[in-house]
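A.B. asks: Keeping their order, the protein sequence lines are chains P and L. Counting in our numbering, the first sequence runs from 8 upward without gaps. Counting in our numbering, the second sequence runs from 2 upward without gaps.
No wet-lab data here; the hints were simulated from the structure. Any given hint could be a false lead.
Simulated crosslink set (BS3-like; lysine-lysine; CA at most 27 angstroms straight-line) [said to hold, decoys possible]:
(1) Lys46/L / Lys145/P
(2) Lys98/L / Lys81/P
(3) Lys74/P / Lys20/L
(4) Lys219/L / Lys103/P
(5) Lys184/P / Lys217/P
(6) Lys103/P / Lys98/L
(7) Lys217/P / Lys33/P
(8) Lys98/L / Lys113/P
(9) Lys33/P / Lys184/P
(10) Lys121/P / Lys133/P
(11) Lys33/P / Lys225/P
(12) Lys12/P / Lys217/P
(13) Lys98/L / Lys159/P
(14) Lys133/P / Lys219/L
(15) Lys247/P / Lys32/P
A short list of chain P residues far from chain L (calculated; beta carbon distances all over 10 angstroms) [as the list claims (entries may be wrong)]:
(16) Phe87
(17) Asp93
(18) Glu100
(19) Glu125
(20) His157
(21) Asp171
(22) Gly222
(23) Thr223
(24) Asp232
Just some of the chain P residues that point at chain L, by a computed CB distance under 10 angstroms [claimed, not checked]:
(25) Thr56
(26) Lys74
(27) Gln76
(28) Ala77
(29) Ala79
(30) Phe83
(31) Val92
(32) His105
(33) Tyr109
(34) Arg175
(35) Leu177
(36) Glu180
(37) Met243
(38) Gly245
As the structure is a computational prediction, the values presented were derived from the model and not from experiment. Here a beta-carbon is modelled for each residue, glycine too, at the ideal position from N, C-alpha and C.
Spelled out from the first residue to the last, the chains are:
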Amino acid sequence: MIELKNVVKKFGSFTAVDAISLEVKKGERFALLGPNGAGKSTTIKMLTTLLRPTSGSLLLNGHNVVKEQAAARKSFGIVFQDPSVDTEMTAYENMKLHAVLYGVPKTQLADRIKELLELVELWDRKDSLVRTFSGGMKRRLEIARGLLHHPKLLFLDEPTLGLDAQTRNLLWEYVQKLSREQNMTIFFTTHYLEEAEANASRIAFIDHGKIIAIGTSKELEKRTDSKTLEEAYLKMTGTKIRDEKVDKHNSRKEILRSRAMR
Amino acid sequence: MRVIYYLWLRQLTRFTRSKSRIIGSVGQPLLFLLALGYGLGSVYKKAGDGNYLQFLVPGIMVQTALFAAMFFGAMIIFDRQFGFLKETMVAPVSRLKIMLGGALGGATTATMQGALVLFISFFLGFRPYNWAMVPIAVLILFYLAVAIACFSSGIGSVVQDMQGFQAINQFLVFPLYFLSGALYPLDNVPTWLRIVAEVNPISYSVDAMRWALINQTKFGITRDLIVMTITLIVCVVFGAQRFRRIEA
Numbered sequence: 008m009i010e011l012k013n014v015v016k017k018f019g020s021f022t023a024v025d026a027i028s029l030e031v032k033k034g035e036r037f038a039l040l041g042p043n044g045a046g047k048s049t050t051i052k053m054l055t056t057l058l059r060p061t062s063g064s065l066l067l068n069g070h071n072v073v074k075e076q077a078a079a080r081k082s083f084g085i086v087f088q089d090p091s092v093d094t095e096m097t098a099y100e101n102m103k104l105h106a107v108l109y110g111v112p113k114t115q116l117a118d119r120i121k122e123l124l125e126l127v128e129l130w131d132r133k134d135s136l137v138r139t140f141s142g143g144m145k146r147r148l149e150i151a152r153g154l155l156h157h158p159k160l161l162f163l164d165e166p167t168l169g170l171d172a173q174t175r176n177l178l179w180e181y182v183q184k185l186s187r188e189q190n191m192t193i194f195f196t197t198h199y200l201e202e203a204e205a206n207a208s209r210i211a212f213i214d215h216g217k218i219i220a221i222g223t224s225k226e227l228e229k230r231t232d233s234k235t236l237e238e239a240y241l242k243m244t245g246t247k248i249r250d251e252k253v254d255k256h257n258s259r260k261e262i263l264r265s266r267a268m269r
Numbered sequence: 002m003r004v005i006y007y008l009w010l011r012q013l014t015r016f017t018r019s020k021s022r023i024i025g026s027v028g029q030p031l032l033f034l035l036a037l038g039y040g041l042g043s044v045y046k047k048a049g050d051g052n053y054l055q056f057l058v059p060g061i062m063v064q065t066a067l068f069a070a071m072f073f074g075a076m077i078i079f080d081r082q083f084g085f086l087k088e089t090m091v092a093p094v095s096r097l098k099i100m101l102g103g104a105l106g107g108a109t110t111a112t113m114q115g116a117l118v119l120f121i122s123f124f125l126g127f128r129p130y131n132w133a134m135v136p137i138a139v140l141i142l143f144y145l146a147v148a149i150a151c152f153s154s155g156i157g158s159v160v161q162d163m164q165g166f167q168a169i170n171q172f173l174v175f176p177l178y179f180l181s182g183a184l185y186p187l188d189n190v191p192t193w194l195r196i197v198a199e200v201n202p203i204s205y206s207v208d209a210m211r212w213a214l215i216n217q218t219k220f221g222i223t224r225d226l227i228v229m230t231i232t233l234i235v236c237v238v239f240g241a242q243r244f245r246r247i248e249a
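Construct all of the structure, not just a fragment, from the sequences and the given hints.
C.D. replies: As structure tokens, this is what we get:
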């Protein structure tokens, strides 16, 4: 379903992603874990056609994401790490626009929007401007929107960031259900290692733009002689705190600025 | 088509929800109309050219639509900053459609603002030479607004922040407007200014608007429309090219 070969992304002279190769099979729930600035979001951005790789090849559902952007885009849905809803429109309008962008058939449109807004408990606020929502509510709306078109492949970039435990559980339950019932492939990143442990069928650790380990949660624990995934993770990536070098909006500028200051 | 329609609708919805934007968009052109129309009216009359307000209104309508349509590019920058742009960038829809939907929406709201200024000018004493030509004038304005909205989406795709965008407005759009003959006749100006006006595409929109509203034209409506069409094509290609290459 997903295939990366020797993928490199450089911002100026900074290498954010350094020759990554990995493969995710259909129906897998794959977690990409790593410290801040390790290259997780950059990898997802390349996979979702938002960034062009410096070199290497990325295939989604057999489509080259650089050369066959449109076909690649049809295969996936994404819940972004940072906000991407239009706050000057209502929740319903955001959902509707998404459905139109993804060609959800008219006959299913209303039912699906209702189902998902009910799932994230926003149905009674469907006609409120998103501007008036709390952070958690906006996040829930993003999740509902990402699931709206029932993609074959779903990217979740730190989807539970800033959510309460209830909503987190609800989200993972639903994702599990989609993965089971529709054989949907899930590719996600998170900083909550217990989420990865509970929901991922396979996990990769990434650090300094390189994949340092890959396997099931149990395998990774065994390899490092750890009791939990968190322990394994810390053993492999170290305990030092990282600065996030790649800013979400202005990656290139941010890099240059941080370099200039050094 | 559905995608274009909904992205068009988004622009319209957001515009009609923002009262401050509607008032703000008409405020500046009205100030121009009042200050220049009444301030220079007597001088203009003494020079033997007749009623300045009549002459000025088509130019001010172009001003309104021009800057309102440029605002669409700013919307792209806002969408980038607030994250919504990503939502459209990963959608399985051609970027051309996404840009066109938005640009047509931006052009529609810009035209509405221009039409509103025209409506207000009726109360200030402006009279078109033929009322039946008013819809044609609005169409011409829309034609210009589409080109400018596409142009501004190209700018909004390249420039990353509002400061940069404002700089383009200050150093490119304002000069184009002031040197277009929107505010003064181009008959007795120095040669350099006449040449600048003749290579300035905005001059032809102003001229076409005058043709429609007060039956005056310097270049002739055929030449006006040819230049406007070429401008439109160049702007659509420029906007589409730049918009397609956005990385987020």
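A.B. asks: If a hint holds in the structure, say so; if it does not, say that too.
C.D. replies: Evaluated hints:
1. Lys46/L / Lys145/P: violated (59 angstroms)
2. Lys98/L / Lys81/P: holds (15 angstroms)
3. Lys74/P / Lys20/L: Distance of about 44 angstroms is beyond 27 angstroms: violated.
4. Lys219/L / Lys103/P: violated (48 angstroms)
5. Lys184/P / Lys217/P: With a Cα-Cα distance of about 31 angstroms, the restraint between Lys184/P and Lys217/P is violated, given a limit of 27 angstroms.
6. Lys103/P / Lys98/L: Measuring from Cα to Cα gives roughly 17 angstroms; hence the hint holds.
7. Lys217/P / Lys33/P: holds (23 angstroms)
8. Lys98/L / Lys113/P: holds (19 angstroms)
9. Lys33/P / Lys184/P: holds (15 angstroms)
10. Lys121/P / Lys133/P: holds (9 angstroms)
11. Lys33/P / Lys225/P: holds (21 angstroms)
12. Lys12/P / Lys217/P: holds (12 angstroms)
13. Lys98/L / Lys159/P: holds (24 angstroms)
14. Lys133/P / Lys219/L: violated (54 angstroms)
15. Lys247/P / Lys32/P: Violated - the C-alpha atoms of Lys32/P and Lys247/P are around 33 angstroms apart, more than 27 angstroms.
16. Phe87: violated (6 angstroms)
17. Asp93: Asp93/P not clear of chain L: closest Cβ-Cβ about 5 angstroms, inside 10 angstroms.
18. Glu100: violated (7 angstroms)
19. Glu125: Non-interface label stands for Glu125/P: nearest chain L Cβ at 22 angstroms, farther than 10 angstroms.
20. His157: holds (13 angstroms)
21. Asp171: Non-interface label on Asp171/P holds, nearest chain L Cβ at 22 angstroms vs cutoff 10 angstroms.
22. Gly222: Correct as stated: the minimum Cβ-Cβ distance to chain L is 29 angstroms, above 10 angstroms.
23. Thr223: Given that every Cβ of chain L is farther than 10 angstroms from that of Thr223/P, nearest at about 29 angstroms, it holds.
24. Asp232: About 41 angstroms separates Asp232/P from the closest Cβ of chain L, which puts it past 10 angstroms; holds.
25. Thr56: This hint holds: Thr56/P lies near chain L, its Cβ roughly 6 angstroms from the closest one there, short of 10 angstroms.
26. Lys74: With a closest approach of 14 angstroms, the Lys74/P hint is violated.
27. Gln76: Holds - the Cβ of Gln76/P comes within 10 angstroms of chain L, reaching about 9 angstroms at its closest.
28. Ala77: holds (6 angstroms)
29. Ala79: holds (8 angstroms)
30. Phe83: With a closest approach of 8 angstroms, the Phe83/P hint holds.
31. Val92: At about 7 angstroms, which falls below the 10 angstroms cut-off, the nearest Cβ of chain L leaves the hint on Val92/P intact, so it holds.
32. His105: holds (7 angstroms)
33. Tyr109: holds (6 angstroms)
34. Arg175: Result: violated, 21 angstroms to nearest chain L Cβ.
35. Leu177: Violated: closest Cβ of chain L sits about 22 angstroms from Leu177/P, beyond 10 angstroms.
36. Glu180: violated (25 angstroms)
37. Met243: Violated. Min distance 31 angstroms.
38. Gly245: violated (31 angstroms)
In summary, the structure is inconsistent with hints 1, 3, 4, 5, 14, 15, 16, 17, 18, 26, 34, 35, 36, 37 and 38 from the numbered list given earlier, while agreeing with the others.
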